Structures are given as C-alpha cells and as structure tokens.
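Trainee: So the chains spell out like this:
2 protein chains.
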Amino acid sequence: MEVRFGIEGRPLPVEQGENLLRAAHRAGVFVEAPCGGAGVCGRCRVKVVRGETEPPPRPDGFVRACRTSIASDLIVECSATAAGDRSGLEDRPRQQALAAEDLESVRERWGLQPSVKSCLLSLEPPTIRTNEADLSRLRRAIACECCRAAVEIDLDTLKELPQALRSGGWEVEVVVHRPIAPGSDAPEPSPRILRVSPGPRSAPLFAVAVDIGTTTVHAVLLDIETGRPLAQRGEYNDQRRFGEDVISRIDYACRGEGLAELQRAVVGTVNRIVDDLLAQTGIDRSRVLYLLAAGNTTMAHLALGLDPKYLRLDPYVPAARFFPPVAAEDLGIRLGRGAVCEFLPAVSSYVGGDIVSGVLAVGMEEDPRTTLYIDIGTNGEVVIGNREFLVTASCSAGPAFEGAGLRCGMRAAAGAVEAVRIRPQDGEPMALTVGLERARGICGSGAISLLSELVLSGILEQNGTFSHKDWNGRVREGAGGWEFAVVRSGQSATGEAIVLTEADIDNLMRAKGAIYAGCGALLGELGLAWRDIERVLVAGAFGSSLDLESAIAIGLLPDIDRDRFRFVGNGSLLGARLAAASMSAFAGAIRIAERMTNVELIANHTFQEEYTAAQFFPHTREDLFPVVWSRIRGRAGGEVRT
Amino acid sequence: MEVRFGIEGRPLPVEQGENLLRAAHRAGVFVEAPCGGAGVCGRCRVKVVRGETEPPPRPDGFVRACRTSIASDLIVECSATAAGDRSGLEDRPRQQALAAEDLESVRERWGLQPSVKSCLLSLEPPTIRTNEADLSRLRRAIACECCRAAVEIDLDTLKELPQALRSGGWEVEVVVHRPIAPGSDAPEPSPRILRVSPGPRSAPLFAVAVDIGTTTVHAVLLDIETGRPLAQRGEYNDQRRFGEDVISRIDYACRGEGLAELQRAVVGTVNRIVDDLLAQTGIDRSRVLYLLAAGNTTMAHLALGLDPKYLRLDPYVPAARFFPPVAAEDLGIRLGRGAVCEFLPAVSSYVGGDIVSGVLAVGMEEDPRTTLYIDIGTNGEVVIGNREFLVTASCSAGPAFEGAGLRCGMRAAAGAVEAVRIRPQDGEPMALTVGLERARGICGSGAISLLSELVLSGILEQNGTFSHKDWNGRVREGAGGWEFAVVRSGQSATGEAIVLTEADIDNLMRAKGAIYAGCGALLGELGLAWRDIERVLVAGAFGSSLDLESAIAIGLLPDIDRDRFRFVGNGSLLGARLAAASMSAFAGAIRIAERMTNVELIANHTFQEEYTAAQFFPHTREDLFPVVWSRIRGRAGGEVRT
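From first to last, the protein sequence lines stand for chains Y and P. Going by the numbering used here, the letters in the first sequence line up with residues 1 to 642, in that order. Going by the numbering used here, the letters in the second sequence line up with residues 1 to 642, in that order.
You may find that some hints are simply not true.
[Claimed, not checked] Here are the simulated lysine to aspartate or glutamate pairs, EDC-like style, with alpha carbons at most 20 Å apart:
#1 309/P <-> 600/P
#2 309/P <-> 132/Y
#3 159/Y <-> 244/P
#4 309/P <-> 160/Y
#5 309/P <-> 244/P
#6 159/Y <-> 73/P
#7 159/Y <-> 32/P
#8 469/Y <-> 525/Y
#9 159/P <-> 307/Y
#10 47/Y <-> 104/Y
#11 309/P <-> 251/P
#12 159/P <-> 600/Y
#13 47/P <-> 8/P
#14 159/P <-> 173/Y
#15 309/P <-> 329/Y
#16 159/Y <-> 173/Y
#17 309/P <-> 329/P
#18 309/Y <-> 132/P
#19 159/P <-> 329/Y
#20 159/Y <-> 160/P
#21 469/P <-> 428/P
#22 309/Y <-> 257/P
#23 159/Y <-> 600/P
#24 159/Y <-> 329/P
#25 309/Y <-> 600/Y
#26 159/P <-> 330/Y
#27 47/Y <-> 108/Y
#28 159/P <-> 251/Y
#29 47/P <-> 73/P
#30 309/Y <-> 160/P
[Stated by the list, open to error] Cβ pair distances, simulated, as ranges:
#31 127/P <-> 591/Y: 43 to 51 Å
#32 143/Y <-> 104/P: 33 to 41 Å
#33 169/P <-> 626/Y: 37 to 45 Å
#34 184/P <-> 104/Y: 52 to 60 Å
#35 127/P <-> 149/Y: 37 to 45 Å
#36 184/Y <-> 120/P: 55 to 63 Å
#37 113/P <-> 149/Y: 41 to 49 Å
#38 284/P <-> 591/Y: 54 to 62 Å
#39 184/P <-> 97/Y: 22 to 30 Å
#40 105/P <-> 109/Y: 52 to 60 Å
To be clear, the hints were calculated from the coordinates, so they are not data collected in a lab. The structure displayed is predicted, hence computed values, not measured ones. Even glycine gets a Cβ: it sits at the ideal position worked out from N, Cα and C.
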C-alpha cells in the first residue's frame, strides 16, 4: 500500500491503517498541525484525490489528516504540494531495521541448546543385588541420557531425591543446569541438578530473558526447548523512584539500606513482569526455571546486591564482570522451585552486559564487516569491531537524550513532541506528539528532530546560538535566555509554550559531541577512519524512535552512506533471548566480553580533541558531514528565495 | 619395666604405674578378686618378692594387688604361682596395635595438601588503565599463586570482595576449597572461594576431623597446613536419647520432626566438641574453616538431614554414597565464616564412610597383603582385600557386643566387668571392672572374656548350654533359665549377682556367628580360605578393649597365627584426619568407596550355611579352630586331674 503526496509525489510505502498525518511527516511533506495532531485545531486538512480512508473523506474530498487512517492506495493533496513544495519528492530513505533474516542467521549459528535442560528418566528400580544409592543411580542415568559430565547436586535437592524417585515410580524429570565457564580459558564447570520431580512432566520448560535497563525492564517468556518467544512485557524499573540515572542510583545504594532497597525494587519489577507474562500465556510458574538477564554494569550489581560504589569512583572498577549463577529464590525472584538466574557478563563499569548482549545479537564478533554498534541513552556506549577485533567505550552523554535536563523535556509518553518538520520558508513547525495528543513537552527524539530542523532551516547557527530573525515570534527571549517555541502556549496541553532553549541546545551539543567523539577516539585507537565503518547499528529504545537524518544533521551520527545504517531495537533483550535458548550463545557472550577492549575516554587524549571539534552543528570539520552541509547550503538558498 | 609372677614366670612388659591386678590378669595369672578390684574384699593379696610398689609393701611383703601400682621391676608371688599354676608361664602374646610407623607411611604416601587452602595475595591496585573487575583481578592472582584451575565464587562471598580488597590495601587472604570429584571418572569440580579477608592473616588455618559414631563422636583439631593434631575430644552422641542403635534412630527419623531433631542433636554434639577443642587450644573459631566427617551411612544421612527411611527397607538403598560439600552454616555447625563440611563417601546402606575411612587409614587399598579389616559394633562391618580387590559386607550382630541386650549388660563405664579369668580347677572367676570399682554389670568385652573362659574351662558346652556341675553354686537356675554368676550378690555394687544367662549366651553366639559367617561368605565370594588372610585389622573402640584370645576362643575371630592380628583403634577418625589434611587422601577414599564391592549377606547363600556352622563355640568345624580346640582339650584334661 502506498500514498503519494501530490500527483507527482514519490510513492511512500505505508501500512494499512497508518495515520495520514504521520505518513505525511514521514514523507517529509509539511502539513500544518499546531496542536500536535490532537484533532483540535483543524489546520491539518488535506484533500484525498484518489483512494479510501477511515473515516471516509467528506463530499469535497477533505479529511483532517491527524484523525484519518489510510485504507487503500491514496493520492493526497495539501497546501504544501499545491504550493509546489518539492520536499515530498525528496528521496528520504526509510530507516531500516536490522533484517529479521540477519537475526535469524545469528540464531541459527548458535543453535538451540539451553543451559537449563529437562530430562525425563526412567530408572530401573533397585533390587537387593542392584541397590546402589539413589544419587548414583540418578547420575548414571543422567550420564547416559542427558549430559555426559558428572552432575553436582546441592544438599536441598538431594534431600528431595529419595521421595521423588519413589513417588514417581522411578520415572522422574530432572532439570539440569550447565553453567558456562567464567572465561574461555576456565574449565567447564560441572552441570548441576536444579530439581528432581516425579515424572512424567506436565509441560515443557520455560525461560525468561530480561533486559534490565536503568529506565525500563523488558522481558520475553520463551519456550526453552524451541527458543520460541511466547509473550513480551515491559515496565518502568521501580528503581526510578531512587534516581533517574545510574549515578544517582549508585549514590543511593551507598546510603544506609539503599542497596537492599534498590535490589528489592528491581526484583519487584521483574516479578511483576513475570506475573504478567504468566497471566498472558497461562503458563505455570513451576515450569519457569531459568532467567537470563542483561543489563548495564550498575543494573547487574544492583540486581545481585553487589556494592556499586567503586563503579563510580576513579578508577571505576566493577566488583565482577562475570557473575556467578544464583538461585532465583536467593534473589527474591519468583520462578519455579530450583530456578536459577544468570547475568550476561560486562566489559567494564560503563560497558555492561546489555552491550555484550547486543553485540551477540547482531553477530558482530563473527562478521567480517567493520561495524559500529551504538546504544544511545544517558550513556552512549559504542563498540567498533568485526571478527578480528572489538573495542568499546562509554561516552557520558548526560540525560538530554532521555528528555531529562531539557527545559520542557519529558519521556516519550503521550503528549511528548517526538518528531518535527520546519517549513523553511517561514520557520513554521509541524510537531507530532506521541499519541497525537496536545503537546506536554519534548522527548529525546523530538529534541533531536527539532534541533536538526532548526539547524537545517538556518534558524540556529552552527555554533548553537539563534540567528537574529524572530520567525513569527517563535524565536524569543525567555526567562532563561533565547528559545524556540515549537508549540505556542495556546495550542499546548499545559497552557505554556513548549520551547527548546539555548541552554537545552548546549546540553544536546555536549551530549551528541561526547558520543561522536567517543566513536572518533575508538577509530583513532584503531587507526581507522569513518569511511572504514561498513555498518552502523543503532540500538536501544531511543534508537528505534530516532530519525536517522536528524541524528546525522546534528552530528550525533556520522554523515556516511545511509545504507550502512540499521536500527536494532532492544539489542540487549535480543541477545538475552539468544543466550537463554543457547548455551553456546552464552559462551559466545563470555568470549565477546573477554575480547572487547575497553577504552576509558577520561584518560584518552584523542577523545578530548574530538570532543572539542564536535561542539558544533554538525561538526567543525565540514568534510566529515558533506551531505548535511550541502543541505544546509541548499536550504539557506531556499530561504533567501522566499 | 617388667613383672614376673613367680620366680620362674615369664617377664611381662609393663608400664610404670600400671595396676598390679591388671598386670596379673594380663599375664594370665589368676588372682582372687571377687569384688572386681574395688579394694573391698582384700582377697587379692600378693607378695612382692623383689622390687618397689606404690604404696610400698607391708613389712611382710604383702600388698593388695588391686590398690597397688608398679614402681620398678618386680617379682611377685601369689597363691596361683605358689600352687604351681603354670598359666603365668603361657605364651600370651600382647595385643599389638598397628605400628605408628605403618600409619606414618600411609600418611606420607598421601602427602599434605588440604582441600581447604589459605593463600595470601598481594594484588596490584587498579589504575584507570588497569581497571579490570575485582573478581577478575583476584582470579588472576589466585591462578598465579594459589591454584591453577579457575575458581568459582558464590554471590555472598562476591558481595564482600570489594570491601575486603580495599580495606586490606589490596593484600588479602583468600581461602579456597578444592572439592574432590564425586567419582574417579567425574571431572574435577572447580575450586571455590570460601572467604576473602583483608590480609595479612592472623594465624594458620585449622580443620576438624570427626568420627560420628552411633554411640560416640570423636574429633581431632588439626593444623591444616602441617596436618599436626592439636587436641582430641570425644562425647556421647546426643542422638542416643532417641535410640541406641541405627535402626531405632531411623525409626525415629521417620516420625514427625524426628529427622530434624536427630540432625540438631548430632550437630549439637559436634558443636560441643568443637567448643571444647577451641577452649583446649585457645584457637580462634574464625580460623577453623573445614570439617571432615566420617560416619556410618545412617549417621551421615542424619547429620546432613537426608531421609534415612530407605536405608532400612529392602533393598536398602542410601540416598547418596558421595555427599556434596555443605556450608557449615547450613548444617548449623559453628566454625569460622565460610567454613565447609564434607563427609567421606559410603559404600552401601550398612558399610559407611567410617569403614572407608578406616580402610584408607590402614592403607589397605594399596597393600599387597590380603587383609581382613573388621569393625565390631552393633553391626560388624568386614572388608577383605588388597591392592587388587576390596569386598565388604555388614553383618547384623545385634547389640550384644555393646553390652545391650544382655541381662546384666552395660556400656564399658565404671563398674562394668571388662575382663575375666576363670580358675579352671574350681571355676572361680577373677573379674576386673572398669575403674576397679564394685561390679555393676558386664560390658561387651567383658562378656566375650567371660564367655571364652566359660568355654575354655568347660563350664559351658560347645553348643552354649551349661554343663551339669554347679561350680560352687555359680552355675544356677535363675528366673530366666540357667546362668553363671560372675560376681556374687554380696560383692556387687548393686546387691544383685552379676550373671551371664543362657539367653545372653545365645545372643552372643548369634552375634559372633554373624560376623564370622560374614567373613566366611566374603572369602567364599573370593574363592579364598582363612589361610589366605595375611593380616587381620580390628578397628573400633570395642576392638581396642577386646581380648584377642577370648575373641578367637568364642569363634568371633579366626584361629590363625596371632602375629597377623593388629588393633587399629578408631580407624574412622584416623582416616578422617588423613583426608582432612590431604585432598589426595580424600580422593583415595572416593576410589576406595568406588572399588569396594558390597555383598548383601541377606541374599547370599554361603552366608546362611556359614552362619549355621558358626552357631557353636568356637565353631562346628574343628579344623578351623585348632589352637582353641587344643586348649579346650588341655583344660578339660586339667579339670579331670583336679
């Protein structure tokens, strides 16, 4: 299904039911929508020339774009197309997600061999001539039919063994956990019996793969034997009430019972998610015996109850990178009896298991192509590498990209401005909000989108200060200095104008500069240049809503061939799913963590130079951003023509 | 120092201070002592012909033997020697303990390499360029300086790591436990960090080796690095209040909270012993990080809280033979923080870790000599083997040898008749009691001693019934049938005669028959005869007080060359000491348990025949007991002469 804006417009591929205002925005077609698409102002009227919509057009062909869904191939005319604006004709490549088949090939490489395995055993009952101990009999059967290495058993499980064997008539289900060696040179640890129950078993085993983020926790419930995901669920991390970012969490953990409170908070979140996943699927908790978590190093420390104090003190030393398996019960996580939890390994204090997990998910460590993997949040973690090498760094971006630290910043919740177009002729913004509601603030991706439009339209100078024109009063002096009102006070949900201030812009410049410079420093370490990067993989929830062109326009991402970019989504969760279903994938994660060279930017001279050079939109070196500069120059020309 | 009874008597080697009545008894010289040596009757007067005693002899040279200690070489005359009794001239070889040098050679074979090891590590403090995780840094240092394999760590220990490293200025003591594989074909389990403490350490590490017996618990405190024993302590097992023998304990464990009560009881006993050992030596509890226990299979199950129910139900299956290491804390045993407890492996439900431990202690599994190892208690466990093979069986002897189940039976406590001589001329007994007090009853070794004298003197027929003579009224018909009064009512502490009844004798005949037949069945399995047994090692507390000749005379032990017999004492404790100080000795115990073939006598036809043949004193086959029969015939002749 496709939509054309103007008869000569390029066809834009769309989904059945897609919102027409969003489609216009995506096509780069400016439609006035001062209320943010909330259905209030009626300014987004467009004319349907051909095709069907829901609701259908009025007799004269007009619809309010913000309230209209696409129901067939459409041709639409709007004031922009009528006025001969050619922006709808521009070739704006769609942001491409990493192809499902790429992920599938990674999955196939690892195969299915979960580290927690259920074995149904039918034992010969003992006789006076074959009266070996229950445990010996069980071990022998396990060695024959389940896993070759001798299994270990803890006392509590052994205590249940005699009754389990006999009440099941010598048919039992044994669940075995085969932990991965904490390092590729370490010997394989012995498998361990998690549970013995009278057979036959009632259902397959399930696992939960969890991405424990600072802000949100996402989990997938898997059939451990097929690797098939059955349900997914995300929740805000309850730790947020103790601080938004990892630093404030670490501070809190160092006070009184803080660590225990934080540990309980995240466990509470995980338990709530698990409860929901079980309710969604009707699966019995007793069959969920494995939880594999990926999280940044602070999240892993807090979830395990490890003191995070030294993560934030120079020289930034984690308690552990490779975390021992822990009984779910010992952590307070409510799964089946005997369930075990594992964490993917970290690289350093600020490059955690979430990044290792993402690198695993995209198969970077076995790919010949030199890839930049980038996860943008409060910290921007970047990895450059291929099957020969992997280097990583964490760039302290500050909370600007999360919407925090901006005057009107907010999370990407309903009413957050998330995407902006500015009509170059008059600086009029077309601001879409999450949920198409009246605007309440600006989220991170909205700020980047707005910033890039401000730069491209010449409203903002390259050094981050506003040009002198007032653009119909949208550029104005506010309480805290100059600002741009993207939504006027009369159109917002709050009654206040939604603005981006020079201070906000300064924050964003420092944040994008830190990330770009971090990549630059890694390239410097490797003796590589940007042109050597064959793929850029953008991960993270923020990455998914990020507009690629905007991110390049402000100098957050490099101005290289757009075909090289792919959006990964929640790479951490993807990798956790892989490792939950395949112990060789888990072992792969261990190797990745071992192989990855961590560069501490704080001690890196190249980084300081790169950072200074990046304090500009898009960058002080024009040659690094040829496309952006040609657009800036083109728009500037257009503006002159107005 | 030596004593001769009669000028022509054989010199008897004695210790300075040895009791003169005991020495006479040991020499086989009959001295009247109807009060049991309690210093009451004055009938044990003997004349010191030469030498010194304490107190010194009266002017006429007489002393009361029961109240007299030997102070120099002595020549003593008594009525027996005066009357020309030649018993003092008989060659009665001393019971020989297994030589200290034999035990030493076993110890040297294993060497010193305790499975719990303290390493003092001096780590390089981290810098921004070397900021690997605390655990990685520690593991690297451990791998260099402590043990090669990668160590595991549990979450609780990891939680303490960052603070321990920093408060010790990067000098730490790490205590590592290297568990033994539960089977020689199992891969070596990873070593595990038990504790990390800021260094330098205050003292060496200590271990406790424990023999958990059904009746008594004995323990030795060791310096783990030198293997040197520092203190030893024994206590009655508090479980006794729930039943005397393993069967009654198992029954109790199967009722309500019985298992938990029994577990707490034995742990309480161990804790009391440990408290005492620490008080004796002034050693700090925090330095005791290892406890190695040997016990019969029931004791091991109860101490670990494993359900013992199936030990006593056909087909007699233990929950486990190889027990996992357990944190001392989890068992309730109070040692240093992080301490671990292990149990030596068992062979079957009725051949336990105590026997494996004893076999280890005597080095049987590497000795070319075919050896019978025998531990006599409620169950008589027997092992026959050499470095080529090891077979074992448990013979259900019943409680007779423990003094229980006899009319006047008692434990070997003060007042228990423990050794008897009968004057063949008139059947007059010389009965020595424990503590040389007035008699209160008969203990196991006393019963065997008395029984053997009754048989040799012809008072008892070979089939276990009394001959018709009344022997001055000592053989008489009591309430429960015929009996022999070894102490008359007027001389006992209780005012009642101390007797051995025909029913008692029947019990003893069944008990000794079971053990002898068990050995016979094992020989039959192996196609060996008694003459092939090159050594007989008698273990157990009971074994130490057992009179060898008496045991042979009643047919409990075989009538073979006396030089082949050695008394081992508490073999279980000896082996536990070895295994606590040497992980290769522990591994040796595992191999022994694996190699040992368990023969269930209940299903063995040879045993039934052997048992029937052994229901006789000493045995129905005269050719098996040539020396005993020649003594029976000799005494019988002597009696005719009277």
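Trainee: Take a quick look at whether residue 469/Y and residue 525/Y sit within 20 Å of each other, Cα to Cα.
Mentor: It is violated: about 43 Å lies between the C-alpha atoms, which goes past 20 Å.
Trainee: Quick one, are residue 47/Y and residue 104/Y close enough, alpha carbons at most 20 Å?
Mentor: Status violated; Cα separation ~43 Å.
Trainee: Is 52 to 60 Å right for how far apart the beta carbons of residue 105/P and residue 109/Y are?
Mentor: holds (57 Å)
Trainee: Please verify whether residue 309/P and residue 244/P have alpha carbons no more than 20 Å apart.
Mentor: Given pair residue 309/P, residue 244/P holds - Cα atoms ~17 Å apart, limit 20 Å.
Trainee: Take the C-alpha atoms of residue 309/P and residue 600/P, compute the straight-line distance between them, and say whether it is at most 20 Å.
Mentor: holds (18 Å)
Trainee: Between residue 159/P and residue 329/Y, does the CA-CA distance stay at or below 20 Å?
Mentor: holds (17 Å)
Trainee: Does the structure keep residue 159/P and residue 600/Y at a Cα separation of 20 Å or less?
Mentor: The given pair, whose Cα atoms are some 25 Å apart, is violated under the 20 Å limit.
Trainee: Using the beta carbons of residue 184/Y and residue 120/P, state whether their distance is inside 55 to 63 Å or not.
Mentor: violated (28 Å)
Trainee: Residue 309/P and residue 251/P were given as a pair; does the straight-line alpha-carbon distance stay at or below 20 Å?
Mentor: holds (8 Å)
Trainee: With the threshold set at 20 Å, check whether the alpha-carbon distance from residue 309/Y to residue 160/P stays at or below it.
Mentor: holds (12 Å)
Trainee: Going straight from one Cα to the other, do residue 159/Y and residue 244/P come out at no more than 20 Å?
Mentor: Not satisfied, since the Cα-Cα distance of roughly 24 Å exceeds 20 Å.
Trainee: If you check the beta carbons of residue 127/P and residue 149/Y, does the distance land in 37 to 45 Å?
Mentor: holds (39 Å)
Figure legend: structure checked against the earlier numbered hints; hints not met, in rising order: 3, 6, 7, 8, 10, 12, 14, 15, 17, 20, 22, 23, 27, 31, 33, 34, 36, 37, 38, 39.
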